[in-house]
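S.K.: Read off the chains here:
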Amino acid sequence: MNATSVETRSVIVEREIAHPPEKIWRALTQPHLIEAWLMKSDFKPVIGHRFDFRTEWGAIDCRVVAVEPNRTLTYTWAARGLESIVTWTLTPSAAGTHLRMEQSGFRPDQEQAYQGAKAGWRRFFNQLDQSLAQAD
Amino acid sequence: MPPSHDMLFKTLADPTRRGIFERLCREGEQTVGALTAWAGVSQPAVSKHLGVLKQTGLVLDRHEGRQTHYSAKLDALAPLTDWTSQMAGFWQSRFDDLEDLLKRMDQ
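Keeping their order, the protein sequence lines are chains V and B.
Using the working numbering, you'd call the opening residue of the first sequence number 1 and step up by one each time.
Using the working numbering, you'd call the opening residue of the second sequence number 1 and step up by one each time.
Excised from the complex, chain B in its bound form (with noise of 0.2 Å):
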């Protein structure tokens, strides 16, 4: 199942999140500890942010040795690059509400 868009959109409103995102879309595959010498919040703080873009799908881990190393996941963006996908959405939800009225309706 790929992320909805209310998902991505979540995950990519914090500020300190986005910016782990667009670091590693910028520099590739980065270990937690340089996140973290780069971030300027704990450790901790870098791993929770992690985990929610891991979930979202936007990024993906690798383990080595005792070092977690991780990278962006392009490709997670794409509902939000799909314009048509987005207007089938559109259309359908339209489609819903149209039948909703139509049974209001008198004939």
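Just chain V, same shape as in the assembly (with noise of 0.2 Å):
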């Protein structure tokens, strides 16, 4: 095992929006709406209520981690045995809001399951790492 083994990767997406913190925020934590840009859930903005992500192929599960209206909100997000953490900021800026994206915390092992439970493709990736393991 090597130092990187333990390390975290991170996902951020940034983006001005031409609309209020307030605004965006209601998108951000009313199910009827997160439905409509991200997907069904039975959310609350509640720190430790427990929510999921429902999609055609299974659960995100999710917990709500911190709240604070109108600016920071952090819920965990576990899919497939890969933990995370997704925290969205909001600053208003002069367009209307810095929105931000942060998910955290993955482990290059917990990608590696990830990837392999992924669209049914673990077979075919298993077949490649013997396939690689024998060309050595």
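There may be inaccurate statements among the hints.
[To be verified] Pairs of lysine-lysine residues, derived as DSSO-like cross-links and limited to a Cα-Cα distance of at most 30 Å, are as follows: (1) V:K40 / V:K23; (2) B:K103 / V:K23; (3) B:K73 / V:K40.
These aren't lab readings, by the way, just hints derived from the structure by calculation.
Since the structure is predicted, the reported quantities are computational estimates derived from the model, not experimental observations.
Take the two lone chains, each set in its own frame, and fit them into one complex as the hints suggest.
M.R.: Encoded structure:
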């Protein structure tokens, strides 16, 4: 094991949005609005509340970690053994709102677990791995 | 430009084409003749599959005399194995849908 095996990785998406934070907050926290842009869920903006996002390929288990109305929202995000944390940050800006999403906590071994399961490609990648091992 | 997921999946969805690619992964560089003998389909069919694999960046060809040798280019699979870039793509498209929703919403 080396140092990189315990490192985590994150995904950050940021955008200037021409709407006020209050309005974006509603879209991030009201289930009927969340469903319109993300996924169907039983979300409640209450710390500790457990909810899931439902997709055609299964559920993403989540738990609310932090709620600061119109400013930040954090929830855990666990899908197929891959655990991560999603943090939304809303900052008022000249254009409206600077919206930032950070999903963090992926470990390389979780990434592999997720990739292996994804879309039924496990077998193919296993075969490929074996092929590569044999090729060495 | 790296190939899109759609292109990679489409290219590898064909069992014969995937078989050729896997064989190149397993055996290393091969000539069209050797691949044809193994694949059990005609040489033009194998050449066509190799052409598609080459377009997607999954194989490289090398000409030597009258023979063309093909080898697998495994880094072409990187888009499928890079979880962070996949997730970034997922969130970018969610942001697009969020902006569409905000336009439809009342203040």
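S.K.: Confirm or reject each hint.
M.R.: Against the structure, the hints:
For the hint linking V:K40 to V:K23, the alpha-carbon distance of about 19 Å falls within 30 Å, and the restraint holds. With a C-alpha separation of about 10 Å, the suggested pair B:K103 and V:K23 falls inside the 30 Å cut-off, and the hint holds. A threshold of 30 Å between alpha carbons decides the hint, and for B:K73 with V:K40 the separation of about 40 Å lies outside it, so the pair is violated.
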